[in-house]
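Visitor: Sequence:
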Amino acid sequence: MSTVLIAIISILLLSRILQRLLSIPLPIGIMGLTLATYAVIPQYINISAQENFDSIVYLLLPLILLPDAINFKLSDLKKHGIAIFYLSFVAVILSILIGIGLNYVAFTEYSFTVGMLICLFAMVLATDAVSVSSIFSQFKLPHSLKVLTEGESLFNDATAVIAFFFVGLPLINGIEITPISVSFVLVKVVVISTLIGFIVAYVAKTILKWLHTVTDEFIIVLLTAYVSFGIAEMHSIHVSGILALIVAVMTLRFYMNKQFNSFSEDESIVGDEALKTPTTKADRKITTQARLDENLQIISFFALFANAVLFFTLAEIIEFEKIMLYSKEIIILFLVTTLIRAAMMLNFSFISKKSKKIQNVNYRWWSILTFAGIKGGLSMIMVHALPDTFIYKEMFTQVVMGVIILSIFVYAFSLLFIIKRYEKEFLQDIKDEAH
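Counting in the numbering used here, the sequence shown runs from 25 upward without gaps.
The hints are simulated quantities; they were obtained by calculation from the structure and are not laboratory data.
By construction, the Cβ of each residue, glycine as well, lies at the ideal position given by its N, Cα and C atoms.
Listed below are the simulated SDA-like cross-link pairs for lysine to any residue, each with C-alpha atoms no more than 25 angstroms apart in a straight line:
#, residue 1, residue 2
1, K103, K378
2, K97, D317
3, K444, S47
4, K212, M274
5, K309, T230
6, K417, E345
Beta-carbon label-pair distances, calculated as ranges:
#, residue 1, residue 2, range
7, K378, S99, 17 to 27 angstroms
8, T239, I375, 37 to 47 angstroms
9, R44, N281, 29 to 39 angstroms
10, E75, I199, 23 to 33 angstroms
11, D317, T132, 54 to 64 angstroms
Hey, can you work out the whole structure from these sequences and the hints?
Guide: So this is what it looks like as structure tokens:
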């Protein structure tokens with residue numbers, strides 16, 4: 025197991041070096057080096073991903089989502105709430121409906137039902153927030169553009185999961201679904217997930233008042249993410265763990281931000297050895313900006329490490345022989361989803377030009393939003409959730425895996441090209457945004 029750990033850390037380090045020196049996007053570096061490593065020494069780095077894939081991804085997912093959730097400010101959500109709602113909910117639903125309609129053109133030789141198509145498109149519409157954020161971190165981009173892409177990535181996952189588990193899967197299993205039942209399930213999932221997030225965040229805030237070190241605060245933030253996710257995903261509750269996590273972490277960050285005006289800008293970080301139990305209510309502060317900044321760096325590292333492990337796991341379960349059997353279906357689905365996403369973002373661009381409540385989206389921003397749809401491990405979680413008796417499970421598994429690989433390489437390089445091509449224009453956008 026130590027060999028596996030050394031390989032993962034080395035790949036992460038080399039990927040960051042390639043990103044810094046050659047501007048190679050981090051997801052491409054990690055995936056490319058991982059595939060190369062498996063091609064050369066597969067026997068030394070086996071982590072039994074085939075048997076433990078679901079457990080590994082469920083373990084990593086909260087950690088992968090954590091940095092984007094904790095960095096996403098409530099003020100940004102208020103300002104861009106309508107836009108994010110369109111991008112992460114309306115656009116996803118419309119994309120699934122368009123995908124169902126295009127089935128009669130793209131996959132005429134298969135007898136896909138509506139439930140199957142909902143599951144298929146939900147899987148390939150879910151995005152990977154960390155991959156996009158890692159690319160954006162290399163460049164200076166307008167804050168509003170980052171908010172739109174990162175907000176879409178976060179909440180898009182929740183919508184895709186709800187569509188898959190609460191609509192698509194029941195239809196595949198022969199359960200009758202009506203518009204009224206779908207509406208009821210949607211309200212139930214959103215309300216209960218949000219409530220879980222609020223409760224977990226409040227408990228975390230209360231505990232934080234009694235803990236005054238970076239280490240303790242990191243543990244509490246980590247627990248906030250995992251506990252909210254775990255409770256929501258419990259079989260007896262079965263709502264959206266992703267939505268509960270987002271609400272919990274964002275609410276906790278909101279509580280932190282409320283108290284920052286009580287601290288000086290240059291307050292030093294309190295070490296473990298300096299732990300002092302607060303004696304008065306005034307002493308019981310949640311955190312300081314200095315401690316939060318330290319924790320954000322720690323969280324960012326762990327998220328990158330988790331993403332590297334995720335790509336490592338994906339690389340192990342890839343079977344290129346089987347993927348090649350479905351190469352035509354993979355390319356068709358990749359092109360269809362890319363065109364649908366481009367159309368949704370183009371429609372959003374038109375809407376933004378007619379509404380004063382939505383950030384204006386020009387052609388540069390439209391192209392970034394289009395290629396910010398890199399897929400990740402969440403798509404594979406949904407694939408593995410398909411029942412073993414499902415007739416097209418093998419096909420869906422290989423097709424979704426192929427789309428993930430294509431999106432990592434094609435979308436990441438496209439983002440890199442667009443950002444470098446319009447670097448001066450983006451800098452001007454930043455200046456305009458400041459005025």
